[in-house]
Amino acid sequence: MRLVTGNDLPTGDVVWWAGGGWSRHIEDAVDAGDRAEAIAREEEAARRVNVPYVIEATATAEGPRPAHIKDRIRALGPTVRTDLTLKPADPNAGSWVI
Amino acid sequence: MYRYDEYDQAIVDARVEEFRDQCQRRLAGELSEDQFKPLRLMNGLYLQLHAYMLRVAVPYGTLNARQMRMLAHVARKYDRGYGHFTTRQNIQYNWIKLEDAADILAELATVEMHAIQTSGNCIRNISSDQFAGAAADEVTDPRPWAELLRQWSTFHPEFTYLPRKFKIAVIAADEDRAAMRLHDIGLQLIEQDGKLGARVYVGGGMGRTPMIAPLIRDFVGADELMSYLEACLRVYNRYGRRDNIYKARIKILLHEIGADEYRRQVEEEFRAVKQLGIDPPAAELKRISAMFAPPPFDAAAPDTVDRADPDFALWLDQNVKPHKQPGHAIVNISLKPIGGIPGDASAEQIDLMADLAERYSADELRVTHAQNIVLPHVRKADLYAVWQQLAETGLAEANLDLISDIIACPGLDYCALANARSIPLAQKIGQRFADAGRQRELGELKLKISGCINACGHHHAGHIGILGVDKKGTENYQLLLGGSGAEDVSLGRITGPGFDEDGVVDAIERVTDTYLQVREKGERFVDTYRRVGMQPFKEAIYG
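Heads up: the sequence lines are chains R and P, in that order.
According to the working numbering, the first sequence holds residues 1 to 98 in order.
According to the working numbering, the second sequence holds residues 1 to 543 in order.
Be careful, since some hints might not be right.
Output of the computed footprint for chain R on chain P, the stretches with three or more beta carbons under 8 angstroms from beta carbons of chain R [said to hold, decoys possible]:
id, region
1, 8 to 22
2, 130 to 136
3, 156 to 166
4, 218 to 226
5, 417 to 424
Dumping the calculated SDA-like pairs for lysine to any residue here, alpha-carbon to alpha-carbon at most 25 angstroms [to be verified]:
id, chain 1, residue 1, chain 2, residue 2
6, P, Lys97, R, Glu44
7, P, Lys471, R, Met1
8, P, Lys428, R, Asp83
9, R, Lys70, P, Thr528
10, P, Lys97, R, His25
11, P, Lys77, R, Pro91
12, P, Lys77, R, Asp13
13, P, Lys97, R, Ser95
14, P, Lys428, R, His25
15, P, Lys37, R, Ser23
16, P, Lys428, R, Ala89
17, P, Lys97, R, Met1
18, R, Lys87, P, Gly340
19, P, Lys428, R, Arg41
20, R, Lys70, P, Val220
21, R, Lys87, P, Glu501
22, P, Lys428, R, Met1
Quick list of simulated restraints, FRET-style, between CB atoms [stated by the list, open to error]:
id, chain 1, residue 1, chain 2, residue 2, range
23, P, Asp506, R, Asn92, 24 to 30 angstroms
24, R, Glu56, P, Asp311, 49 to 55 angstroms
25, P, Asp5, R, Gly63, 20 to 26 angstroms
26, R, Glu56, P, Glu268, 33 to 39 angstroms
27, P, Ala416, R, Glu56, 44 to 50 angstroms
28, R, Asn92, P, Val469, 26 to 32 angstroms
29, P, Asp506, R, Arg65, 27 to 33 angstroms
30, P, Val469, R, Arg65, 54 to 60 angstroms
Quick caveat, the hints were computed from the structure, so don't treat them as lab data.
Think of the CB as a built atom: it goes at the ideal place given N, C-alpha and C, for glycine as much as any other residue.
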């Protein structure tokens, strides 16, 4: 699957294209397919996202899992500060990244 | 400490308001990201992996307690309660909101701080010896010169758009504590025939093409130093390559035309620049130097220390260095607790270090390029009290210059450029060598980790260096041996094929075991490596 990701302009938060808008949670991300690049262009032009780009990901039972570790770290947060990640109480979150 | 005059303050205040307007225009959609990016970078604001990152300048690594407390305040109010001290003696915050950026800079300006020269193709924050003004081996305090360079380089109209970023270090001792020859320009202040001047090294650097700066001039008088540097920069600005970002640093120019030809061109330019009268009048240098006058030392301070507490004695031997003033000492606060994140400090720890500086160190702190903090002027009689308070806050790790005193860049946990994580590796190495006795048995061993070829973690200059690379989508680590950023400067050599995270920790253990087997009396790790070469270590690693 192909995801569109970028950053929220005022806060810098990592966001994911969720179909009708942007979410901070990768579980909400949807497969943008062949429309991915067009969505990135349109959303950036409309100033709803900052520096969007398209990544490859795998659909899993827990939701989309980006192909590259860099995007998995973006999705969760720093592996060395689990208290600052989006899932501070999930002991398995780190293994999802690695 | 230097204090802003009305011009400094006006410049910084105006810059904050200019940036506030730029941020508002970006948030309102009047500026695109392409238009805004160079503007935010000129104010130290990057867009990193998780959020905006703000890098705040700490000129030549010197701070007072009020400024340090402001850094804690920014961490607490605008970030997530901590900051990361960097290898350019700065601090950066990882979770900044664009909508807060101008307010942060406005608050920093109230304590004479800013984020200018922490990014972009300009002359970056000037770095210096963290023991300046306290070291017994310096010919003069290098900081007045670093401050002059700061004033000369800030918004220098000719050097705001150089081919690439430009880093300058100033030291004034034979012991190089600032990796001086791995800078675009390295200055060593010296005395010659009773006259103060500088040795000038040009064209060093790390990154993807590491080079040690050659000596370009063995002496330039202090009264002509600014003109000479202007000439050095002018030649680079004119002939440095702008067609290829990877060949744009001055080290590449020197490599391509040769040091002799570069020197010839600089001398020619120098003759012209000298006529411009840009060297500051003696009165201005005197004004600046007066602000770096030594604090009123206690002449009656006792020169002995009670070593009865064994843990204190360990810390004393490892982290406390001699001071030029009898009865005083230089305290190194390690930001490398075993299993911790190198260079990170919580707001509470930053506040405590500010309190200690105010109470025990003449209101001064220094940030080191090794990502530690220094209290430069502590009475020996106060060392035990300082140590006790550091220990209560997790800041008393007795590991300065030992294997667990690791320099590590933020790596893939935070940095958009990184290929591999640096911090977890530093944590694993620290834990593997956690035993204090084992660390001291290994002695001075500088281990440095970069998460990509840009070398922010100084891996080329590590006695043991580690470079993280991306190998088909997975993290892989190359091991280097034999580098040094000190006065015995050298560049590390890659041992061979890389490793995964656990593999490189095992390899380091085999390297240190080999060192213990083959070292001769008095040899540090790097001395043994230089004597026996790569082969014994390679055999131990790869079998």
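Outcome of the hint check:
| no. | hint | result |
| --- | --- | --- |
| 1 | 8 to 22 | violated (count 0) |
| 2 | 130 to 136 | violated (count 0) |
| 3 | 156 to 166 | violated (count 0) |
| 4 | 218 to 226 | violated (count 0) |
| 5 | 417 to 424 | holds (count 4) |
| 6 | Lys97/P - Glu44/R | holds (18 angstroms) |
| 7 | Lys471/P - Met1/R | holds (22 angstroms) |
| 8 | Lys428/P - Asp83/R | holds (19 angstroms) |
| 9 | Lys70/R - Thr528/P | violated (38 angstroms) |
| 10 | Lys97/P - His25/R | holds (18 angstroms) |
| 11 | Lys77/P - Pro91/R | violated (28 angstroms) |
| 12 | Lys77/P - Asp13/R | holds (17 angstroms) |
| 13 | Lys97/P - Ser95/R | violated (29 angstroms) |
| 14 | Lys428/P - His25/R | violated (30 angstroms) |
| 15 | Lys37/P - Ser23/R | holds (24 angstroms) |
| 16 | Lys428/P - Ala89/R | holds (23 angstroms) |
| 17 | Lys97/P - Met1/R | violated (30 angstroms) |
| 18 | Lys87/R - Gly340/P | holds (21 angstroms) |
| 19 | Lys428/P - Arg41/R | violated (42 angstroms) |
| 20 | Lys70/R - Val220/P | violated (48 angstroms) |
| 21 | Lys87/R - Glu501/P | holds (24 angstroms) |
| 22 | Lys428/P - Met1/R | violated (35 angstroms) |
| 23 | Asp506/P - Asn92/R: 24 to 30 angstroms | holds (26 angstroms) |
| 24 | Glu56/R - Asp311/P: 49 to 55 angstroms | holds (52 angstroms) |
| 25 | Asp5/P - Gly63/R: 20 to 26 angstroms | violated (57 angstroms) |
| 26 | Glu56/R - Glu268/P: 33 to 39 angstroms | violated (55 angstroms) |
| 27 | Ala416/P - Glu56/R: 44 to 50 angstroms | violated (18 angstroms) |
| 28 | Asn92/R - Val469/P: 26 to 32 angstroms | holds (27 angstroms) |
| 29 | Asp506/P - Arg65/R: 27 to 33 angstroms | holds (29 angstroms) |
| 30 | Val469/P - Arg65/R: 54 to 60 angstroms | violated (23 angstroms) |
Violation of the numbered hints given earlier is confined to hints 1, 2, 3, 4, 9, 11, 13, 14, 17, 19, 20, 22, 25, 26, 27 and 30; the remaining hints are satisfied by the structure.
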